[in-house]
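K.L.:
Residue numbers (our numbering), protein chains in the order written: chain A, 1 to 201; chain B, 1 to 201; chain C, 1 to 201; chain D, 1 to 201.
Rather than coming from a laboratory, the hints here were simulated on the basis of the structure.
The reader is advised that the hints may include incorrect statements.
Said to hold, decoys possible - Label pairs and their calculated CB-CB ranges:
| no. | chain 1 | residue 1 | chain 2 | residue 2 | range |
| --- | --- | --- | --- | --- | --- |
| 1 | B | Leu121 | C | Gly179 | 52 to 62 Å |
| 2 | A | Pro48 | D | Lys153 | 46 to 56 Å |
| 3 | A | Pro48 | D | Asp107 | 18 to 28 Å |
What the hints assert, rightly or not - 20 Å max Cα-Cα, derived SDA-like pairs, lysine to any residue:
| no. | chain 1 | residue 1 | chain 2 | residue 2 |
| --- | --- | --- | --- | --- |
| 4 | A | Lys153 | A | Ala124 |
| 5 | D | Lys153 | D | Leu110 |
| 6 | C | Lys153 | C | Met189 |
| 7 | B | Lys153 | A | Arg79 |
| 8 | C | Lys153 | C | Leu139 |
| 9 | D | Lys153 | D | Pro32 |
| 10 | A | Lys153 | A | Asp143 |
| 11 | A | Lys153 | D | Arg79 |
| 12 | D | Lys153 | D | Val187 |
| 13 | C | Lys153 | B | Lys153 |
| 14 | D | Lys153 | D | Leu171 |
| 15 | D | Lys153 | C | Leu139 |
Don't be surprised by glycine CBs; every beta carbon is placed ideally from N, CA and C.
Number of protein chains: 4
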Amino acid sequence: VETNRIEALADGVFAIAMTLLVLEIHVPRLPPPVAGAALARALLALAPNVAGYAVSFIILGTLWIGHHNHFHFIRRADRTLLWINVFYLACIAFLPFATALLASYRDQPLAFAVYGGTLLLAGAFLYAHWAYATTGRRLVDPDLSDAAIAAAKRRIASGFAVYVTATLLSLLSTAAALGLFAVMPLVYMLPGRVDRHLTRP
Amino acid sequence: VETNRIEALADGVFAIAMTLLVLEIHVPRLPPPVAGAALARALLALAPNVAGYAVSFIILGTLWIGHHNHFHFIRRADRTLLWINVFYLACIAFLPFATALLASYRDQPLAFAVYGGTLLLAGAFLYAHWAYATTGRRLVDPDLSDAAIAAAKRRIASGFAVYVTATLLSLLSTAAALGLFAVMPLVYMLPGRVDRHLTRP
Amino acid sequence: VETNRIEALADGVFAIAMTLLVLEIHVPRLPPPVAGAALARALLALAPNVAGYAVSFIILGTLWIGHHNHFHFIRRADRTLLWINVFYLACIAFLPFATALLASYRDQPLAFAVYGGTLLLAGAFLYAHWAYATTGRRLVDPDLSDAAIAAAKRRIASGFAVYVTATLLSLLSTAAALGLFAVMPLVYMLPGRVDRHLTRP
Amino acid sequence: VETNRIEALADGVFAIAMTLLVLEIHVPRLPPPVAGAALARALLALAPNVAGYAVSFIILGTLWIGHHNHFHFIRRADRTLLWINVFYLACIAFLPFATALLASYRDQPLAFAVYGGTLLLAGAFLYAHWAYATTGRRLVDPDLSDAAIAAAKRRIASGFAVYVTATLLSLLSTAAALGLFAVMPLVYMLPGRVDRHLTRP
Chain A
1 VETNRIEALA
11 DGVFAIAMTL
21 LVLEIHVPRL
31 PPPVAGAALA
41 RALLALAPNV
51 AGYAVSFIIL
61 GTLWIGHHNH
71 FHFIRRADRT
81 LLWINVFYLA
91 CIAFLPFATA
101 LLASYRDQPL
111 AFAVYGGTLL
121 LAGAFLYAHW
131 AYATTGRRLV
141 DPDLSDAAIA
151 AAKRRIASGF
161 AVYVTATLLS
171 LLSTAAALGL
181 FAVMPLVYML
191 PGRVDRHLTR
201 P
Chain B
1 VETNRIEALA
11 DGVFAIAMTL
21 LVLEIHVPRL
31 PPPVAGAALA
41 RALLALAPNV
51 AGYAVSFIIL
61 GTLWIGHHNH
71 FHFIRRADRT
81 LLWINVFYLA
91 CIAFLPFATA
101 LLASYRDQPL
111 AFAVYGGTLL
121 LAGAFLYAHW
131 AYATTGRRLV
141 DPDLSDAAIA
151 AAKRRIASGF
161 AVYVTATLLS
171 LLSTAAALGL
181 FAVMPLVYML
191 PGRVDRHLTR
201 P
Chain C
1 VETNRIEALA
11 DGVFAIAMTL
21 LVLEIHVPRL
31 PPPVAGAALA
41 RALLALAPNV
51 AGYAVSFIIL
61 GTLWIGHHNH
71 FHFIRRADRT
81 LLWINVFYLA
91 CIAFLPFATA
101 LLASYRDQPL
111 AFAVYGGTLL
121 LAGAFLYAHW
131 AYATTGRRLV
141 DPDLSDAAIA
151 AAKRRIASGF
161 AVYVTATLLS
171 LLSTAAALGL
181 FAVMPLVYML
191 PGRVDRHLTR
201 P
Chain D
1 VETNRIEALA
11 DGVFAIAMTL
21 LVLEIHVPRL
31 PPPVAGAALA
41 RALLALAPNV
51 AGYAVSFIIL
61 GTLWIGHHNH
71 FHFIRRADRT
81 LLWINVFYLA
91 CIAFLPFATA
101 LLASYRDQPL
111 AFAVYGGTLL
121 LAGAFLYAHW
131 AYATTGRRLV
141 DPDLSDAAIA
151 AAKRRIASGF
161 AVYVTATLLS
171 LLSTAAALGL
181 FAVMPLVYML
191 PGRVDRHLTR
201 P
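If we strip away everything but chain A, and leave its shape as in the complex, we get (with noise of 0.2 Å):
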């Protein structure tokens, strides 16, 4: 089985999931005539949404260059790696309702734990994944190195915890756990020159 059309769908899921997030932040809808300042504060009352749209697009960002830089490594497919794929991506595409729930009720915790919960579901199973590939070098290069195996394992780990964290977080400020949601991706976004040194030598 070639890998190359399950990184299509996966490309597709990932383009979808990322441009229906729009579909969430409505238009507002005001009686004519329409004053400035009215819409003004009806586009306002969006910005939850719109920085939703924004954190989410940038999180789905993170777990597709992780999913691409896997293909990086793998060489073949079997069927258990399909299914993985499946369940991996139905994470993936659950992500646009989850960002929606957490836009309309950013001061609930249950929200953060549907939102988290997703994200930490899409985490394991990216992790099965890794770990499915690798395990005996099973469908990767022999001469992948032990080293870079357990880089991308720990690369994946450090987003549970973040995950897990910003969850509990809500328990006791839902504020602060939006801001740790919104900082993770920078995270990724900085120390990836660390580990892509780390795996690719």
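Once you've looked at the hints, dock chains B, C and D against the given chain A.
P.N.:
Same frame as chain A, now just chains B, C and D:
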């Protein structure tokens, strides 16, 4: 006619149908102030929709893997194969509607008939796809074994049996029918290894 | 400029337009308790929407196959061809709206005019696409025969005749016009074999 | 990191954003019996939405062609380029919302500011994309000429001028600003030939 653009269109339709499933799960609209318990109840009421999302996503995954496997053996395409693909994809793209209908009316045998009927029609076109391509080795390798062709046919036909059984079962018990639809993809996941062994020796 | 990214964008737009058609079929909202007979009536009332879905899906299939066949012969792209493609795809992406309008107002000639006009415009850009690419063998193989170029033009032009006839027919009988739109793709399916023989000797 | 999966994700996001634009044009809901004249008035009232669809589709086409042209020269990708692409695509996927807002509030300078601001941000990321890839010939061919790099930069920067002018113009006359947004893609279509001559000698 090359097969790669058929595969690209199919990957696109599958990716979109999978992702559109989530649009049928609506964020609950609760009047403020929102109590955590009220949100929990509203989310619990969405459980059948989430279950429908998960089951349909996995069934789409099964059908995508099946379609994907065909193109592992199909070498050329002609206009008839192109049209069988268009009809097949029309069934796939209809599944988000059938899923939303079943999630809304899960105690109505008619909703099961629409859902099961959509899957049955998709299965019929998938069967026609394989039968047309392999009859007289029309569009496949001449050395593809009779056993491999028959095994793939049996695999698709076994799906028919499940769809028809689940639809009829819904007349007696809609809960049992739901359970059968949910369990079916698991069956496809497990004996897949046996089938693959038969079809790619 | 390579043609493969134009094809990728086109495959994406076709796949999405095909799949969005289903969003115009809304799950009926019945007040509980729901009787089986009431659901059956509500689903029967959706029959024109389902028929519109099927017809538009198949028409999109026809147009996709036509566009696909062009790129079998087109070797290069330039900025003009790129723009003809963008205009063509704008018509394709508009078809879900035209389909929903026709399903809602199937007794109104104006709805037929919008639907037929969208197809006519799409056909005009498809004709321009082929004429631009083949004039002086600008972007195709120099040895593509005049007969093949003319046959493909006739094929697109015959579509014009059907769209205009169906739109005008709707002024006399909307039922007959609907029938003509439904039958048209069948015509494209059957004589396709003859045309292909002409265009690829 | 290969550039082909970035292009696949971008083609997907562009195709979906283009196609989602049509979801903002809603089929009018008229109470039966429907008179032809009432439907005609209702469709005429949709004219700004259809115009917005056409203009945004063509602007997306312009941006897609620009992005497409970059990858004609970019040979490699690194994490920074990946992230610039993610930010760029976040702007692209936001455009259906900005278009719907402008179609609903086309007499409000604020709606123009959102629309123009989205395009300006998209243009800024496109500029950053090209500047990052070409500085020190980081990710492009070493023999790409300075003139070609500068010409592509000027082309993107000229878009900035139009977006800013149209947004400011909306403070004086929203009709003139609409006209400028509608005319702008035409400008990109025509002198493109000159630019291409400069960038690909």
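K.L.:
Would you check the hint for lysine 153(D) and valine 187(D), treating anything up to 20 Å between C-alpha atoms as holding?
P.N.:
16 Å, holds
K.L.:
Would the pair lysine 153(B) and arginine 79(A) pass a check requiring their Cα atoms to be no farther apart than 20 Å?
P.N.:
18 Å, holds
K.L.:
Lysine 153(D) and leucine 110(D) were given as a pair; does the straight-line alpha-carbon distance stay at or below 20 Å?
P.N.:
Roughly 28 Å between the alpha carbons, so the hint for lysine 153(D) and leucine 110(D) is violated.
K.L.:
Look at the Cβ atoms of leucine 121(B) and glycine 179(C) and judge whether their distance stays inside 52 to 62 Å.
P.N.:
For leucine 121(B) and glycine 179(C) the Cβ distance comes to about 23 Å; the hint is violated.
K.L.:
For the pair supplied as a hint, lysine 153(A) and aspartate 143(A), is the alpha-carbon distance within the 20 Å limit?
P.N.:
17 Å, holds
K.L.:
Holds or violated: are the alpha carbons of lysine 153(D) and proline 32(D) at most 20 Å from each other?
P.N.:
56 Å, violated
K.L.:
Lysine 153(C) and leucine 139(C): Cα distance at most 20 Å?
P.N.:
Roughly 16 Å separates the two Cα atoms, so the pair holds.
K.L.:
Would you mind confirming whether the straight-line C-alpha gap from lysine 153(C) to lysine 153(B) stays at or under 20 Å?
P.N.:
Violated, at about 40 Å.
K.L.:
Starting from lysine 153(C), check that the Cα of methionine 189(C) is at most 20 Å away, please.
P.N.:
Holds - the C-alpha atoms of methionine 189(C) and lysine 153(C) are around 17 Å apart, at most 20 Å.
K.L.:
Is the straight-line distance between the alpha-carbon of lysine 153(A) and that of arginine 79(D) 20 Å or less?
P.N.:
Within the cut-off at roughly 18 Å; holds.
K.L.:
For the pair supplied as a hint, lysine 153(D) and leucine 139(C), confirm whether the alpha-carbon distance does not exceed 20 Å.
P.N.:
29 Å, violated
K.L.:
Between the alpha carbons of lysine 153(D) and leucine 171(D), is the straight-line distance 20 Å or under?
P.N.:
28 Å, violated
This entry does not satisfy hints 1, 2, 5, 9, 13, 14 and 15, going by the numbered hints stated previously.
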